[in-house]
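J.: Given chain B's structure and the hints, the job is docking chains D and S onto it.
Protein chains in written order, with my numbering: chain B, 1 to 447; chain D, 1 to 214; chain S, 1 to 315.
These are computed hints drawn from the structure, not numbers from a lab.
A virtual CB, placed ideally from N, CA and C, is assigned to each residue, including glycine.
Treat the hints with care, since some could be wrong.
[To be verified] In silico DSSO-like links for lysine-lysine, alpha-carbon gap of 27 Å or less:
#1 K115(D) x K187(B)
#2 K332(B) x K82(B)
#3 K250(B) x K151(D)
#4 K341(B) x K405(B)
#5 K115(D) x K185(B)
#6 K341(B) x K331(B)
[What the hints assert, rightly or not] Restraint-style ranges between C-beta atoms, simulated for each label pair:
#7 S283(S) x K187(B): 47 to 57 Å
#8 S283(S) x I100(D): 20 to 30 Å
#9 V95(D) x Y270(B): 31 to 41 Å
#10 L108(D) x V55(B): 35 to 45 Å
#11 F401(B) x F290(S): 49 to 59 Å
#12 S109(D) x G296(B): 30 to 40 Å
#13 I21(B) x I60(D): 44 to 54 Å
#14 L108(D) x F80(S): 32 to 42 Å
#15 L249(B) x K115(D): 20 to 30 Å
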Amino acid sequence: MIFNNTALPILILLVPAVASITFKWGNIKLATAISGIIEIFLSLLLYIDKPAPGVFFIDNISVLFIFMVTSIYFFSSLYSIKYFSQHDIYISDDLYFLLLNLFTISMLFTLEINNFGLMWVGIESTTISSALLIITERNETSLEAAWRYIIIVSAGVTFAFISIILIYYVTGTLTMSTIINSSFKSKFLILAVAISLMGFGTKSGVFPVHTWLPDAHSEAPSPVSAMFSGVLLPVALYVIYRIYEIYPLKTVYVWIATLSIVMAAIFLIYQDKYKRMFAYSTMENMNIALIGFALGGPGIVGALILLLSHSFSKAGAFYSSGNILRLTKSKKIDDVNGLYKNSPITAIALLFSSFGASGIPPFGSFFGEIIIFFSLYQQHFLVPFILVIISVISVFISINFNVTKMTFENGKNNSKIDRTMEIIALISSIVPLAIGGYILILMGGLV
Amino acid sequence: MNMIQSIIFLIASMVAISGFYIQGIEFIIANIRGQSIQSILIASLSFIMGFLERSLDLIILGIMVVILRVILINYFLERTIPKKRKFSVEKYLSVPYLLIVDLIFIVLSVILIYKFVFSSMILRESIAPSNILVFPLITFFQGMFLIASRKSTHTQIIGYVEEENAMILFGIFLLPIPLIIEASIFLDVLALVVISSIIVLEKNEHNPVEDLIG
Amino acid sequence: MEETLLLETISQVLFTLLMAPLFSGIMVKLKANVESRKGPSIFQPYFDLIKLFKKEILIPSTSGIFFKIGPYLSFSIYLFISFLIPVLIPTPVIFTASADFLGGALLFSTASFIKVLAAFDSGSNYAKLGASRIMSFNFLAEGTLITVFFAVSILTGTNNPYTTIELLTSNPLSDLSLLHLFSLIAFFMLFLFETGKIPLESKGVQELGMIDSSLNFEYSGKLLALNEWGSYMKQYLLGSVLLNVFLFPWGLFSGVPFFLIDIPIMFLKWMILIIIITVIETSLAKLRLFRIIDYLTVAFTFSVLFLILTEVISV
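Chain B on its own, in the form it takes in the complex (with noise of 0.2 Å):
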């Protein structure tokens, strides 16, 4: 319309790195919330008008997760500047909001480039913006989950670029559209696709290369993890996503991801801490949204959904976790009582978040997890399908045992917190709300 084609997307990337110019003169929070609100316009608006495939490649799985990082962008910007006001971090506070948008660039730069190499070169930079942001609150454990993030995420892209280099082997060329379009058939092609599920599969959560998730998660401060969770993890399904597509192993892809998800509900019967029962749920949901992707047809109508709320509420759920732990100062289940006495926006935020990201109806999660196991069941997947059931019950019933745990039981806390921290939390965990009541309204008009 107004823009030409290719200017869209370019401009989508720039706003963030002029958010972060202002670096030098001090301003670089206002200019970051700014630039949130103005690339959650420019996505919807890239919705609209959506350029060929070039040096962009963009479809409508594209922009909705474009969509999702710039709006958790936004929220986590806006969230970060209330949660450091009080407190003093080891690396400046601008430095912080410099690195938050390198990360985002790098993420959104992942998503839209027509280009299997840099793709991989996009993962390996979220990794580097995102290492410092561990550590801001520095201390031994902190530094200890912040390395063991960076050498097993590095150790496993790596791997992954064995299959790049293979598929360049095969196929002479490394734009996406075209390798795609085409069909091409070789054992290597097969290689490929296995090795990239392993190697990306680190970065997205897949079992048993999924060791520094809960480590990374529990450490970090929460507006990052909510950046995590809700973003970074899906695009490196995206990327696995678009490898998959040259040569659907199906079997394997569901099988591996169906082990991944009974490992997230063993490990998740056994938590104590708060940040890293989310961090399991996230795990959980990744690869429930895996085996929609590797499903195909109705299957990824399901994990989009599936990973649209997803993302809303995981970061509801990160960003009121924050609040307890201004609050209480623990990172243990057992030392939160009684939110719902104390801080009632809070206890609602959390209830809701944890509901979001466990599947209950009217949640939009739930109808993306219905749909994912009714093509389950239709492709003839029957053991995944008990299995994936057994274990989404089991998860359920942890997290609500502990979240309502921690809101209704009798205690008292004194501390205070903002506002607006507290209302961040509330929209985030109530946006899934409204788009199940939306799959609600149009699955009322078909029927």
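T.: For chains D and S alone, coordinates are given in the frame of chain B:
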């Protein structure tokens, strides 16, 4: 194979052997120097192949390897070792045990993977026989084993750089990767090392942490 | 034909028997000269052996029967090995078919095992010290010995040492493969260990460095002479394998009367080896005892790695 091919084969095998050298040494500064030896070997390989194929890309690649890997990474890492403790050693390390476990690991993983997977790949023209691909594979797994078997941060960084070296070698042999991608890879690794050097200043050893179990 | 074979066999065995102490003497003299000493004469080992044969045998009261028969056994094994390995003549002689490379390696192991057993049997503390030291290093050394021999066999497709030389000499130089090079390095490291050179072991009266020489501690007279002669022969045999199979397989002839040329040619090759060994001995310091296992691990890793690599990449 004729003379040039034998030389290329020999240099590639020296890369794999320097991986064993890095594994078996205790001094941290020797690890860093060992990694620069590896990068010099890879750069020389890139120069030789660039002259053979008259390809400017490979020669530029070689120059970039020398500048980024050998000079800059060494500079950043050596800065983080304090002057007095230049000869610091990793504690509680037993070289023979690790070397033998490393040998078993390499033999099992590389040989199996190579035999079943890569043996049917054909390299372009006649630069080197196709079975030269086993050397980057060995170096890659050496890097992984180095990370898994050591507790000190410096050595784990070196293990990661070794993995990236193996990727470059793989790329050089298999096909000429577009220069942009190679350039970005280098800058990535450099940025990673810079960040790691920040962490290394804080934390030198990694032991199991109570909070992060489970 | 038969006489040729007989002559060749006899000359090979006699050469091993009689010339082995000479090489050891040359090595000691050369090292002494490098260290600015005059050193003993090159025939000193012969004088020592003759002197020892004339002396009386003293046996500790705590020893058993094995102590007395051990030296005879190991000496005869070394003599037998000289039939099997191309130490002088490059074509098979009588009794060659009794054992191939693997058999040769196993015979070496048997001989050292017998020596250790005999030392153990003597009931003396120093001998037990040496025995335990040797046993704790031997597992890697034996592994390296066997794999190195196998490496050469895979290279040439045959297990017979003599045929190996023929195949190696008939290939041009540029065909020398990577495997050959690295097996050579592994075998050289092993050779330094087995014959007790610095940086692994220091001869002389210092007990701190003794590994092999401590096994001889309780022996005297004829038995000591046989033990010493046995170790000179072991050094000669291993060094000849190193030279003839790995380093310079060329230059050996067979058939009357050409095989007589082999004798000066072997001398020449051994001179080169002696010079290399002297350079190493005089420039390195002795490794501490627990470092020896690191050294052997490196040799073992080289040999196993390249053995398996050859099988995989078929070079």
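J.: Any hints this thing doesn't respect? Which numbers, in order?
T.: 3, 13
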